[in-house]
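For reference, the chains in residue letters:
There are 4 protein chains.
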Amino acid sequence: MAVKMTGAEMEALLVREYPQVAGDFKVESVSETRLVLRMKVNNSHLRPGGTVSGPSMFTLVDLAMYLATMALIGPKVLAVTTNCSIDFMRKPKLGDLLGEARVLKLGRQLAVGDVVIYSERMDKPVARASLTYSIPRET
Amino acid sequence: MAVKMTGAEMEALLVREYPQVAGDFKVESVSETRLVLRMKVNNSHLRPGGTVSGPSMFTLVDLAMYLATMALIGPKVLAVTTNCSIDFMRKPKLGDLLGEARVLKLGRQLAVGDVVIYSERMDKPVARASLTYSIPRET
Amino acid sequence: MAVKMTGAEMEALLVREYPQVAGDFKVESVSETRLVLRMKVNNSHLRPGGTVSGPSMFTLVDLAMYLATMALIGPKVLAVTTNCSIDFMRKPKLGDLLGEARVLKLGRQLAVGDVVIYSERMDKPVARASLTYSIPRET
Amino acid sequence: MAVKMTGAEMEALLVREYPQVAGDFKVESVSETRLVLRMKVNNSHLRPGGTVSGPSMFTLVDLAMYLATMALIGPKVLAVTTNCSIDFMRKPKLGDLLGEARVLKLGRQLAVGDVVIYSERMDKPVARASLTYSIPRET
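Chains as they are written, first to last, in this note's numbering: chain A, 73 to 211; chain B, 73 to 211; chain C, 73 to 211; chain D, 73 to 211.
Take these hints with a grain of salt, some might be off.
Since the list gives no way to pick out one identical chain from another, each pair is judged satisfied if it fits inside one copy or across any two copies.
Derived DSS-like pairs (lysine-lysine); straight-line CA-CA distance at most 25 Å [stated by the list, open to error]:
1. K148 - K177
2. K148 - K163
3. K76 - K98
Just so you know, these hints were derived from the structure itself, not from any lab.
Construct all of the structure, not just a fragment, from the sequences and the given hints.
Now the structure itself:
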């Protein structure tokens, strides 16, 4: 199965669908089995004390899983997250974050996968999440 | 056990700890068993099409559980979320959202609870989440 | 909306579908908004030291949510659990456990709800879980 | 960091701590980064129709993560599961199941990791789970 969207097409999709945050993200690599999404961390992502906020990390895992699914099925912009279980494991150092996503199941109605977040400046992972997306039927 | 913080004290805590988002939130009620936090939904919370974004709902459940825990133990600003499992169940109508939080376990190291999100304009719940906070030891 | 199955009908369903464990469970009460399922704890549920095992509590929350869904839609034996997130909060004392289930969303494809486990011999809850069931389409 | 227990030592630990189920499990391989646990599926794990039950798969992920943690810290039999979020993705074919566990965080109080379940007779994964264990302090 070939990938159905390039990184550039995905970034254009983010601009259309998530205009408020699209500028913060860059698709580093995409294949059938793995997508890496970079979050260019800036002040809007930080809490006092200089750590990346939980909602910012949620945004990263949500978009990484969304794009990893789009890579396999093409742009279905009506796909919606139905569940996310996220573990925050380590406080990231200041710097960009990378979300590595893989799709473990691609069914007709549901896609299930997981994402591990790494900091560019740390060896060990910062957070992990599993997500389920509901995929709309063709009309 | 009496509540250790009033709603006004909690809102002042949010201003100090979460200055970027504090203005969006209001503590509607607080007791030993239940805290209701209002998110005053504005354009910054919306996705194209007019629905509240997932990260905005994540912020609501995270802060609601945080404050429900602070109600029981007093202001421990170093408490951190270690896990959140959230189910997005219905697309909310435009309007404020209310997060109803309850703490189910308050241990020495961990607090566990859940939050149900309601829309002011819908009968049925929009989302539910369970969260675990790690509570720092006294120094 | 009236309940579509009585507790006795549910127990008969368990005997047919879950014969290995049906004898351990009793439907204490059922309404549109809440189902209580009793697990009659015996040696097969215990770990050395006398505490109820995690898999036994998983079985309780899974069956309680299953039956709470059946109460609303009637017996659809092909419904399957797609996700369960469970928090083990306190070690239960020896004695029966009660699972209180509520369905928060009943869609065409997915049912979402949660279950809180109580011990007959403790005030505070032992565990909590949220579950999603996939509901088969009519044929 | 060397592994602190061999597979044989882990199986002996299961016999002592989980005597009711120890005979169903075999440690296939163990390293610092990955542990594979085999569940020898028999009739006691099956539901009518011949599929492996949810509680049996819960047992597999719970023990795989437990042993993967013990590999890193040595036998701490009082470690307890505090959270498990499991996604059931595909109905397994009849045959043994393999749980591949990795520990993503090993803190002083909490260990966090995930487990993917494979069937010997299928290419794609059957289930995935993330788990948190609470690690007792030394006395």
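Status of the hints after comparison with the structure:
Taking identical chains as interchangeable, the C-alpha atoms of K148 and K177 lie at most 25 Å apart whether they share a chain (17 Å) or sit on different chains (24 Å). Taking CA atoms no more than 25 Å apart as the test, K148 paired with K163 passes between copies only; the shortest distance there is 17 Å, against 34 Å inside one copy. When the C-alpha separation of K76 and K98 is checked against a cutoff of 25 Å, the pair qualifies only within one copy, where the shortest distance is 17 Å, while the shortest distance between copies is 41 Å.
This entry satisfies every hint, going by the numbered hints stated previously.
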